[in-house]
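Got chain V; can you put chain X on it based on the hints?
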Amino acid sequence: MQFGIMSVSDITRDPVNDYTPSEAERIKNTLAIALKAEEVGLDVFAIGEHHNPPFFSSSPTTLLASIAAQTEHLTVTTSTTLITTNDPVRIAEEYALLQHLTHGRMDLMLGRGNTGPVYPWFGQDIRQGLPLALENYNLLHRLWREDVVDWEGNFRTPLQGFTSTPRPLDDVPPFVWHGSIRTPEIAEQAAYYGNGFFANHIFWPKEHTQRMVQFYRQRFEHYGHGAAKDAIVGLGGQTFIGKTSQEARDRFRPYFNESPVYGHGPSLEDFSTQTPLAVGSVQEVIDKTLTFREYVGDYQRQLFLIDHAGLPVEMVLEQLEFLGGEVVPVLRKETESRRDQAAPANPPSHADLVKAKYGDSEPRQPRPNANRGDNVTGASPYQDSEGTQAVYPTL
Amino acid sequence: MTQETYRIVVVSAGVSNPSSTSMLADRTAQRAVALARAHGHDVEISVVELRELLPELPQALSTQFMGPGFRRAIDLLAEADGVIAATPVYKAGASAAFSGFFQVLDNDLLIGKPAVLAATAGTSRHALVIDQEVRGMFAYLRALPVPTSLFAAPEDMNDPALGSRIDRAAQELVLLMESGFARAVRGETWDTYSHEFGSDAGREVTVDFSSAVMKLAAGGTLPSQTSRNRDKPTTPR
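Chains V and X supply the protein sequences, listed in that same order. First residue of the first sequence: 1, per our numbering; consecutive thereafter. First residue of the second sequence: 1001, per our numbering; consecutive thereafter.
So that you can see chain V by itself, here it is in the shape it has in the complex:
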């Protein structure tokens, strides 16, 4: 099972010392947090996507490429990439390039986002948000699997003979997660394609997450990708760890109370009782995290939110020491010993996907034909495809 952290990239005033970091500081600190995640032995770093202050992460692939360039093991991913307001063609291109630059040490999570005003900024209509997300992924799926795509839909201009470049690394598309809080259609799409499903698992009681994951697993099986337990499930979560439970609560409480999302609402104690939030000693956080699999089954990726609500970078780095040094090693051991050995231990890596597609053969390495100027006439633009050479009309 993979363990990692996810950030929403919020730049929030620290309510304890009334200090608001600059964008430059927060971006630099986020890099430091990601590098620390690798250093303490975590598996995954995920960044969200937002297009308004007080967030910085408008361009996730740029940040993730930089992180991957400075790390060796960390898988970089998103939480989430907006499948609504981004052109699926741009997603195909940007993430394929990220996949090459990271040598496959990446995947991505698609979501609809939580900020209504983003839609009109990118020329989209929020009333069509769900069909937009579904149709965009249907196109993205093809762009990564077909060299040449003819396509027509409802939300972007049609494509004729379009090739998204670069082709995915080893001609194996990145693994995709679909993130959703309450929409069965998104879980259905994840199941239909045999992709992963990620539950936010922060604001909601566990019954909510349990229902959606169960639905996804049933549909995954329905579509013939394997048994329900073979489905690839990820969970969010939120934690703050202290030397003692009292210390953890005391230190986290001012940030919780003024958190941008749930601040000025439920008490820390109520929220901890009724949602997955785990604030406490190392043992308490381990115990609570181990209960997650009891209601979603064996799952493959756990991402914690630990750097939000104005928490200063020093505290976040300290949290990473706790997580990597004391919490995750125990979680790894305990989840592995409890796992049904027939259920997948991890989400598929790039190497797994290459193996699944090619077995022991060499992966395809697409080599383009000479530039014809328009990239679309004739047959395949790649040398190893049928009808490799375009036939030019004679004058």
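There is no bait here: all hints are sound.
Calculated pairs, DMTMM-like style, for lysine to aspartate or glutamate (alpha carbon to alpha carbon, straight line, at most 25 angstroms):
(1) Lys288/V with Asp270/V
(2) Lys1215/X with Asp125/V
(3) Lys229/V with Glu1204/X
(4) Lys355/V with Glu336/V
(5) Lys1091/X with Glu1052/X
(6) Lys229/V with Asp1208/X
(7) Lys333/V with Asp230/V
(8) Lys1215/X with Glu221/V
(9) Lys1215/X with Asp87/V
(10) Lys206/V with Asp340/V
(11) Lys288/V with Glu207/V
(12) Lys1215/X with Asp150/V
(13) Lys355/V with Asp147/V
(14) Lys1215/X with Glu146/V
(15) Lys355/V with Asp171/V
(16) Lys229/V with Asp298/V
(17) Lys243/V with Asp270/V
(18) Lys355/V with Glu72/V
(19) Lys28/V with Glu314/V
(20) Lys206/V with Asp1208/X
(21) Lys206/V with Glu1196/X
(22) Lys1215/X with Asp230/V
(23) Lys357/V with Glu93/V
(24) Lys206/V with Glu1204/X
(25) Lys206/V with Glu284/V
(26) Lys206/V with Asp1106/X
(27) Lys206/V with Asp1108/X
(28) Lys243/V with Glu334/V
(29) Lys229/V with Glu336/V
(30) Lys206/V with Glu1079/X
(31) Lys206/V with Asp1075/X
(32) Lys1215/X with Glu152/V
(33) Lys357/V with Glu94/V
(34) Lys206/V with Asp1200/X
The set of hints was computed from the structure by calculation and includes no laboratory data.
Just chain X now, kept in the frame of chain V:
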């Protein structure tokens, strides 16, 4: 008619103790019990005092985060055969505790359920709040308010006419519960309402796989663009 046990949930937004709002709700509940028993039925009454839920209301409104009191109330309403809902009138409107409580419930919880609506106020000038404001909210929730609304200003409290209106509203509630309308709706027209996944206190988990978006989710395409884009504000690019 077969003998049934009816579950009535009384929701009161009264705040003082004793509260005239809760007293009005209780009188209605007592009459409903008596009338149902006269018809050979048993009745279980549960009470939700919204005053006790007030500490949980802000979080429910801001983050749909339901505290233990809300969860209990929702579970009771999910199993209810009938509802008696009573609120004081403040500043020419239902109490914010009352409106807030019903605003955070999921839209499926009260479908087809008969409900007596009741209000109290310091002056009879507020008499129409119940019919013009509260009835509309229950219509949105697709509940079935009984024809007789109850309203009591101070001069009504000892007026026998209020007693007869309470009788009539309670009778209407019992008749509607006996009709089995809410259960029949669940059996016969439930799927024709729009539902959210996980609504109806978590019991609504059916999914219409034949819907256009579900087909799109399973790799399909949407039906013709022209019909779908009719109400789009901008021309698709």
